[in-house]
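Please work from the sequences and hints to get the whole structure.
So the sequences go chain by chain: G and U. In terms of this note's numbering, the first sequence is residues 5 to 360. In terms of this note's numbering, the second sequence is residues 104 to 550.
Treat the hints as calculated values from the structure; they're not laboratory data. Ideal Cβ positions, reconstructed from N, Cα and C, are used throughout, including at glycine. Treat the hints loosely; a few may be bogus.
Claimed, not checked - So these bits of chain U aren't anywhere near chain G, every CB distance computed over 10 Å:
| hint | residue |
| --- | --- |
| 1 | V137 |
| 2 | A274 |
| 3 | K302 |
Unchecked claim - Pair ranges (Cβ atoms, derived):
| hint | chain 1 | residue 1 | chain 2 | residue 2 | range |
| --- | --- | --- | --- | --- | --- |
| 4 | G | T40 | U | P324 | 37 to 43 Å |
| 5 | U | N234 | G | T172 | 31 to 37 Å |
| 6 | U | K407 | G | T183 | 28 to 34 Å |
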Amino acid sequence: MGETTQSRSRTQLQAYAREHNVHVVFGSNDDNFTITGKCPSHKLTELFALIRDILFHSRFHDSDLTRFKNEMIAGTLQAMQSPETQLSELVKSVVLKNHPYGTLQKTYLASLKNISTADLSAYMKTHFTQENLIISACGDIDEAALAAQVSDVITTLPKTFKVSLSATAHVTGPYQKHTQTFPVPQTVIRLLHEGIDAHHPDFFALQIAMNCLSEHSIGLLSKNVRVEKGLAYGIGAGLAMSDHYNTFNIVTSTHTESVEQALAAIKGTLADIYKNGFPADLVEVIKKSFLGNYKRSFSSTGNIAARLTNYQLDDRPVDFHNIIIEKISSLTVDDINKAFKKFLKPDQFVIFTVGQ
Amino acid sequence: MRHILTLLVGIFTIGSLCSAVIPQKATLSNGMKVIVFQNPLLPSVNIFTNYDIGTADDPAEMVGVSHMLEHMMFKGSSKYPKGDIDTILNSCGGTCNAHTNFDHTVYTFSLPAEHLDIALDIEADRMENLNITEEEFKPEQKVVMEERQMRLGNHPFRTSAEICQRALYTAHPYGIFPIGYEAHIKAYTTEALIAHYKKWYVPNNATIVVMGPYDLAYVLPKIEKCFSSISSKELPERTRITEPDRDGLTTTIEQENPRAENIYISISYRAPTLITKPEAYLAMNMLEGALNGSDRVLYQKMVKEKRLALGVSGSYDCGKDDMDFTFTLILSPDMNVDAAEKFLFEQLAVFLKKGLVEKDFNNAKQEQLNAFAFAMDGEAFLVSMANSVLDGFPLEAVSKYEDILKAITVQQSHEMLRMVLSKPPIVISRNYPKGKMPKRIYQKVLV
Numbered sequence: 005m006g007e008t009t010q011s012r013s014r015t016q017l018q019a020y021a022r023e024h025n026v027h028v029v030f031g032s033n034d035d036n037f038t039i040t041g042k043c044p045s046h047k048l049t050e051l052f053a054l055i056r057d058i059l060f061h062s063r064f065h066d067s068d069l070t071r072f073k074n075e076m077i078a079g080t081l082q083a084m085q086s087p088e089t090q091l092s093e094l095v096k097s098v099v100l101k102n103h104p105y106g107t108l109q110k111t112y113l114a115s116l117k118n119i120s121t122a123d124l125s126a127y128m129k130t131h132f133t134q135e136n137l138i139i140s141a142c143g144d145i146d147e148a149a150l151a152a153q154v155s156d157v158i159t160t161l162p163k164t165f166k167v168s169l170s171a172t173a174h175v176t177g178p179y180q181k182h183t184q185t186f187p188v189p190q191t192v193i194r195l196l197h198e199g200i201d202a203h204h205p206d207f208f209a210l211q212i213a214m215n216c217l218s219e220h221s222i223g224l225l226s227k228n229v230r231v232e233k234g235l236a237y238g239i240g241a242g243l244a245m246s247d248h249y250n251t252f253n254i255v256t257s258t259h260t261e262s263v264e265q266a267l268a269a270i271k272g273t274l275a276d277i278y279k280n281g282f283p284a285d286l287v288e289v290i291k292k293s294f295l296g297n298y299k300r301s302f303s304s305t306g307n308i309a310a311r312l313t314n315y316q317l318d319d320r321p322v323d324f325h326n327i328i329i330e331k332i333s334s335l336t337v338d339d340i341n342k343a344f345k346k347f348l349k350p351d352q353f354v355i356f357t358v359g360q
Numbered sequence: 104m105r106h107i108l109t110l111l112v113g114i115f116t117i118g119s120l121c122s123a124v125i126p127q128k129a130t131l132s133n134g135m136k137v138i139v140f141q142n143p144l145l146p147s148v149n150i151f152t153n154y155d156i157g158t159a160d161d162p163a164e165m166v167g168v169s170h171m172l173e174h175m176m177f178k179g180s181s182k183y184p185k186g187d188i189d190t191i192l193n194s195c196g197g198t199c200n201a202h203t204n205f206d207h208t209v210y211t212f213s214l215p216a217e218h219l220d221i222a223l224d225i226e227a228d229r230m231e232n233l234n235i236t237e238e239e240f241k242p243e244q245k246v247v248m249e250e251r252q253m254r255l256g257n258h259p260f261r262t263s264a265e266i267c268q269r270a271l272y273t274a275h276p277y278g279i280f281p282i283g284y285e286a287h288i289k290a291y292t293t294e295a296l297i298a299h300y301k302k303w304y305v306p307n308n309a310t311i312v313v314m315g316p317y318d319l320a321y322v323l324p325k326i327e328k329c330f331s332s333i334s335s336k337e338l339p340e341r342t343r344i345t346e347p348d349r350d351g352l353t354t355t356i357e358q359e360n361p362r363a364e365n366i367y368i369s370i371s372y373r374a375p376t377l378i379t380k381p382e383a384y385l386a387m388n389m390l391e392g393a394l395n396g397s398d399r400v401l402y403q404k405m406v407k408e409k410r411l412a413l414g415v416s417g418s419y420d421c422g423k424d425d426m427d428f429t430f431t432l433i434l435s436p437d438m439n440v441d442a443a444e445k446f447l448f449e450q451l452a453v454f455l456k457k458g459l460v461e462k463d464f465n466n467a468k469q470e471q472l473n474a475f476a477f478a479m480d481g482e483a484f485l486v487s488m489a490n491s492v493l494d495g496f497p498l499e500a501v502s503k504y505e506d507i508l509k510a511i512t513v514q515q516s517h518e519m520l521r522m523v524l525s526k527p528p529i530v531i532s533r534n535y536p537k538g539k540m541p542k543r544i545y546q547k548v549l550v
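Printed below as a string of structure tokens:
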């Protein structure tokens, strides 16, 4: 998108953006397509003029499409030479094989070759509709002026959104180890477990539990695997949330010779927490850390607009920042330990490794 | 219905603060430098503590000891024993980190603005009273080894990247990446770390940069309270071997790499360090900007019109000492290396003869100037300015940055290009996918 429109070439669009200091960036993931606009407050009209031109008058040319495809193929093929991408492919092939989230890179590359300019135009008509649109804004702006610009965009879009969405995917196991050989000295490891929905009452308790596992130096996994044993540079634990797929993940990487030792350390830590719970003082520190970091994340207009968008995507209210602070503050160590025991079974992680 | 509009308006007055990047500075009686970048809108503070010591100053047999010491700085001090730094910072909702490069080591704190004091106190205590024990060192040495494997060992182009770096600097210590080789990491000892710490971690070798909602008048007494009792020490001289001239010699490196899916070519020219000369430095930056971008002539001709490459870019790197200006080409396996390189050199010759394309230069300049409109929106702009200052960009030039940039002419950037291209490249590196490297005679005698 933004390569050419009915009336302007890519170079002309770039010149317009530069002249008015307006910026438009496109991005997408498994679930959403996002258009991010940025401008000085007094350039709102010019920003929306550019967005409207791209949104309603984009033109796609075969020569541009071929060039982009070649760039994407080159980038994707090279990315597949990283053990992290190989790990992700392994997870897809085992856990997500019957779901669109599980599309392997080789399938993506084959599909990419067949995409035409007509497909791109059709995609815009199908997906860029009133019923499928969320707009968030933040800044020193005139609310009425912004509302007028937004209204103009909304009313020009077609109304209905008819695409059927994918069914929810689950970690189906079996609970065993999946290994792929790859010529790297350090093995990458991921432990995967069925997660919970973001609207589940125990969601926040489990979010704090994940931070109690992985917070740098003081999280129990970080402490055991990195600080005490020196087995890894980093270890992460977290909830991976998509529209149709929720998991608990533990990720790390270690020398080939240390893989079993690292896995034993992770399993031992989880079993110990399952038996004895998280220490109360650690939970308190992690709660404070979460709240302070949350506050700091509101430091720029871009960050705030992104948060507002996520609230809407997750069907949260616009003042969700107040709710999250209240929810996290009121959690007790008991809440967290109970949720951990209820939803995480240490013997039910699926283990993936890529390395030698 | 999902077309929902959420708004948070009127809380910022960015427009009125566009040109407010005016740093304040002071020097404590012990020689420690203090710099404050104020942004009253920030809910948080970033504190960078910089020591003028990097891996290019490390002993030859222990390259990366500066980096190892960086790791040990989180292992506890007299007032904040093992684990305390992370626990206290997390309790404040803050984070800490650090990075070591060839020329310096920087420790960073980021935390809610009301917790400035605790960060300063931690930093002061570990400047003077760091605990380095064998018990803490041994597992952390293994962590650094894992870091090396993660950053370099697993990377498809590890070997060519390390060899290329050695070829760029045959004598100068920039020739070894800051993390060192495995043999260097194995050679570190607690004694060496302690000696390194005592030698370089002194206030007269440190600069603290505070980026937050407050001014120098607020910050300075707090810094004085924490740091002024630490005594200055005589600093050893930072001696480095000067990289010898190549007499026009170009090193060519080529590898048939089974993990390369495309052809990657880098062509490096020696380029002087200009960080302390704002006009020349920004002219070089503008040269970079004029060469990079999908609407610039180089990309338009090479990638879009002639389809000789998938990507082309030019980048300038400088440190305390001279580094390089490197052109990078990415080709798909079916593209022609000779044709791509020939076109690049011919196009550079056209630039030399006719001058840089004025439109490309003006666009690059406008893009840089545009960034000033967002200078007070978040921390990113101030952090980038602070990093430039710590790299050596003169502090006095920061508040004039916009004016200096506006005054740079296309002729000045053209002179930079002439300087870069005045001698042959020092290194040309080509990474080919399997089966794509031109056949060499030596391959016929391989078993």
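* Asked: In terms of Cβ atoms, is chain G entirely out of 10 Å range of U:K302?
  -> holds (26 Å)
* At the C-beta level, are U:N234 and G:T172 separated by a distance inside 31 to 37 Å? -> Check failed, 51 Å falls outside 31 to 37 Å.
* **Status of U:A274, Cβ more than 10 Å from any chain G Cβ** => Fine: 29 Å to the nearest Cβ keeps U:A274 off the interface.
* Could you check the hint for me, namely that U:K407 and G:T183 are 28 to 34 Å apart, CB to CB? => violated (44 Å)
* Range hint 37 to 43 Å (beta carbons of G:T40 and U:P324) holds or violated -> holds (41 Å)
* Just checking, U:V137 versus chain G, shortest CB gap more than 10 Å? -> Non-interface label stands for U:V137: nearest chain G Cβ at 23 Å, farther than 10 Å.
Checked against the numbered hints above, the structure violates hints 5, 6; every other hint is satisfied.
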